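K.L.:
Line order of the protein sequences matches chains A and B. Residue 0 is where the first sequence starts when you use numbering that gives the first Met the number 0, and the numbers rise one by one after that. Residue 0 is where the second sequence starts when you use numbering that gives the first Met the number 0, and the numbers rise one by one after that.
Treat the hints as calculated values from the structure; they're not laboratory data. Given the structure is predicted, the values throughout are model-derived calculations rather than measurements. Among the hints, erroneous ones may be present.
[Said to hold, decoys possible] Sample of chain A residues lacking proximity to chain B, with all beta carbon distances greater than 12 Å (derived): (1) Glu22; (2) Phe42; (3) Ala68; (4) Gln111; (5) Asn126; (6) Ala210; (7) Asp258; (8) Pro260; (9) Ala269; (10) Thr369; (11) Ile379; (12) Pro390; (13) Leu393; (14) Ile424; (15) Gln425.
[Said to hold, decoys possible] So the derived list for chain B, only partly shown, Cβ under 7 Å to chain A, looks like this: (16) Phe18; (17) His21; (18) Leu74; (19) Asn77; (20) Glu78; (21) Ser80; (22) Arg83; (23) Ala84; (24) Met95; (25) Arg99; (26) Tyr112; (27) Gly160; (28) Gly194; (29) Leu222.
We put the CB at the ideal spot given by N, CA and C, even for glycine.
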Amino acid sequence: MTTTNNKRQILLPVTESKSSGLEYRELLRVSMDSLMANKLRTFLTMLGVIIGVASVVSLMTLGNGASNAITNQFSSLGTNNLTILPGRPNRGGPPGQIGVQPLTMTDVKTIQVLKLPIDGPVPNFTNQATLSAAAAEKSGQVLGTTAEYQGVNTIVMASGSFFTEGNVQSASQVVVLGSNLKTFLFGSGEAVGESIRINSMNLRVIGVLEAKGGNPFGSVDDQALVPITLAQSRLFAGRSSSGELRVSNVTVAVKNTDDIPFVEERLKMALRDARKLNADGTDDDFQVLNQASFLTSLTQVTSLLTTFLAAVAGISLLVGGIGIMNIMLVSVTERTREIGLRRAVGAQSNDILLQFMIEAMVLSMLGGITGVVVGSILPIILTITKIFEAPVTLSSVVISLTVSLATGLFFGIWPARNAAQLNPIQALRHE
Amino acid sequence: MTAMITIEGMTKVYTMGEFEVHALRGVNVEIQSGEFVAIMGPSGSGKSTLMNMIGCLDTPTAGRYSLDGIEVASLNDNELSTVRAKKLGFVFQQYMLLPRQTALANVEMPMVYRGIPATERKRRATVALDLVGMGNRLDHRPNELSGGQQQRVAIARALAGSPSVILADEPTGALDSTTSEEIMLTLQQLNREQGLTIIIVTHEADIAAYADRIVTIRDGVVLHDRKNEAHHDNN
Ligand SMILES: Nc1ncnc2c1ncn2[C@@H]1O[C@H](COP(=O)(O)OP(=O)(O)OP(=O)(O)O)[C@@H](O)[C@H]1O
Ligand SMILES: [Mg+2]
C-alpha cells in the first residue's frame, strides 16, 4: 500500500500551536476589504450614521451652551439669595397693589432681629427719575439700598467704590452708576468725581459698577444706586399711608446653601407674625422668591429641552442604523457563496458572525467618528467667533460614539446571525 | 494499518415535507492514505452527497464514518469545522476564489482559520502555488487568470495546509478538455510525488481514468469498486 513515507513530501503537516485561533486582525482585514470593495455604498451607508451622530452632537452641544448661558445669567443674581416681595403668592400683582401692605423698614428690622445665618437683609427701594449729566439726560431707575448690597449681590466695581454704611446713615448725596448708565451719561470719559442730577438734586458719583447682565427685576447696569435713606427721605415719597418707610423688596443671602429652606421658612413665619397674618400662610401678602429653586426648575427645563433635541436627532441615528442593517443584509446575500467557502475550509459559524459584526461596527464607528467631527464644526465656529459659547463636551462625544457603536451592534447582529447560520453546502450552491 | 477513510453502512435521507429522498442507502468504502480515487455514477446517484459526507460538510443519517482516526458522525458543528480545517482540502467545480484577493491571499485564506501565523501561511501558500505551477502568478487576481489557472490556485489552496485528504467534486466540470487534462495531470502528480490522498467526483470516464481506483455509485449504493487496470497498464 502507498504511504507518505516514501514520497518527497514538500509541505510537511502543520504543527498546530497551542494558541491557535483566529486573529482579530485578520477578521478586521477581511471586513475592511469588503468595505473597500464598494466604497460608494460604504460611504452612503455611513452617511446615515454620520448625519445622525452629527445632529446629536451639535444639538446637544448647542443645547448645553444655551442652558449654560441662561444659568449663568440667572446665577449672576446670587443663587443663595432669597428675595421678599410684596403681593400675594400665586395671585401675583405688582408692589403697591390695592389691599396689599407694602414692605417697610419695620419688616427689615423684623428680619434683622431673627439673627439668621444670612448676609443682609438688604432693603431695596426703586423709583423712576430723570437722570442727567452735563451731556445727557434720560429717565431711569434709581435704586436706594444699603452698603451691604454690594456683598449680597456680589457686585464688582469698575472704578471708584461703593457707598459705605456711613453714607447710608448720613443720607449722603452720593451715587454709584451701573455700567450702561455711566456710558450713557459720560461716554468713555471718567465719571467718578463728577456729579449728576437725579430729578433736581445734585449727587457726586463715587463709583461705577462692572457690567453684570440682566435679571428678572431689570438690569443693575441701567440703574443709579443711592443710599436708601436718601431715596426715602429726600429723593422720593418714602412714607406709606401709615407713615412708615417703604421698601420695594428685601434681599438676604443665605450663607450656606443647605440652610435655604430653613431660612425661607423662618422668614415667612416671622413676617406673618409681625404683619398679623395667618400662620398657615393662607392670607400672605408677601412672597419669598427662592433663587435656587427658580434656577433648578430653569435648569430642568433647559436640560429637558436639550434631551428632547438629542432624542429627535437620535431618530436620525436610528434611521442610519437601519441603513446599516439593510446594507449588511444585502452584503450577506451577495456573499453567500463566499460564506459557504469560508465555512467549508474550516471557519466556524462564530468566525462568520464576528466577521460581519466587525463590518457593521467598523461602518458605525467610522460613521460615528466622522459624525462627531462634522457635528462639532458649527459649535466650534460659534465658540471661536464668540457668537455663542457652546464648547463640545466630552460627554456628548462619548454618548454619540457609544450610541453609534450600539447601533452597529444592534443592527449588525441580525444580518451577521443570518450569515453565521447559513448551511455551508447550500451556501456554496447559492447562485 | 488503519484506513484513512472508513465508511460503513452510510445512509443519508433528505426529508422534504412529505417526501423522503434516500440519497445514500448503505455505502461501504475504505480508502487508504495516498490513494487517488474517482467516484463515478449517473446524475442523482448520490456522488455529491457522499462527497459532502466525506468532506464533513454534512452528517449521515446512519452509518459509521471514520476519517484519519476520528469518528465524524458524532461531532458537532464546531468540531466538524475544525476537522475540515485540519484534515480536508476542497476543490470546487466553480473554483470559488475570492475575486478581490491575490492568488497568494486566496491560498492563505483557509489557514487563517487555523491560527497559522502569517509568515508560515505565506511560506506554505508560496510552496503550494509552486507545486501547481503557479509560482510566477502569486500576485494575480482571479480575473487576471484563465479558468485552468484559477483551478490550479484552488488546488494550491486545498493542499497548502497539508490536509489528510483532498476532495474535488467535478474539478474539471467548468473546463475544456485540454485544460481538464492538465488539471488531472497536476492532481496525478501531486498524488504520486507528494503522496496526497485525493478523491474526485466525475461523470466522465476519461477524467476518472487518471485515478488509481474507480468507485461507481448508483441509486445511493456502491455498484463497482475496482482498480483502474487500464491506467496501471499505461504507466
Ligand atoms: N439538500 C437536499 N435536499 C433534498 N434532496 C437532496 C439534497 N441534496 C441532494 N438531494 C437529492 O439526493 C439525490 C442525490 O443527489 P446528489 O447531489 O448527491 O447527486 P449527484 O450524484 O451528485 O448528481 P450530479 O451528477 O447531478 O451532481 C438526488 O435525488 C438529489 O435530488
Ligand atoms: Mg453532484
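K.L.:
Should the label of threonine 369(A) as a non-interface residue stand, given a Cβ cut-off of 12 Å to chain B?
P.N.:
holds, 24 Å
K.L.:
Would the non-interface assignment of proline 390(A) survive a Cβ cutoff of 12 Å against chain B?
P.N.:
With a cut-off of 12 Å, proline 390(A) remains clear of chain B, as the shortest Cβ separation is near 44 Å.
K.L.:
Please confirm whether asparagine 126(A) is truly not at the interface, meaning its C-beta sits more than 12 Å away from all C-beta atoms of chain B.
P.N.:
holds, 84 Å
K.L.:
Does proline 260(A) clear chain B by more than 12 Å, comparing its Cβ with all Cβ atoms of that chain?
P.N.:
About 65 Å separates proline 260(A) from the closest Cβ of chain B, which puts it past 12 Å; holds.
K.L.:
Does glutamine 425(A) sit more than 12 Å from chain B, CB to CB?
P.N.:
violated, 10 Å
K.L.:
Checking hints one by one. Is glutamate 78(B) an interface residue toward chain A, by the C-beta closer than 7 Å rule?
P.N.:
violated, 9 Å
K.L.:
Does leucine 393(A) clear chain B by more than 12 Å, comparing its Cβ with all Cβ atoms of that chain?
P.N.:
Consistent with the label, leucine 393(A) stays out of reach of chain B, its closest Cβ about 38 Å off (over 12 Å).
K.L.:
Is alanine 269(A) truly not at the interface, in the sense that its beta carbon sits beyond 12 Å from all beta carbons of chain B?
P.N.:
holds, 80 Å
K.L.:
Looking at alanine 68(A) again, its CB stays over 12 Å from all of chain B?
P.N.:
Label holds. Min Cβ-Cβ 53 Å, cutoff 12 Å.
K.L.:
Let's test the interface hint: is any C-beta of chain A closer than 7 Å to that of leucine 222(B)?
P.N.:
violated, 24 Å
K.L.:
Was the hint right that glycine 194(B) lines chain A, CB cutoff 7 Å?
P.N.:
holds, 4 Å
K.L.:
The output says glutamate 22(A) does not contact chain B. Does that hold with a beta carbon cutoff of 12 Å?
P.N.:
Contrary to the label, glutamate 22(A) does not stay out of reach of chain B, its closest Cβ about 7 Å off (not over 12 Å).
Checked against the numbered hints given earlier, the structure breaks hints 1, 14, 15, 16, 17, 18, 20, 29 and satisfies all the rest.
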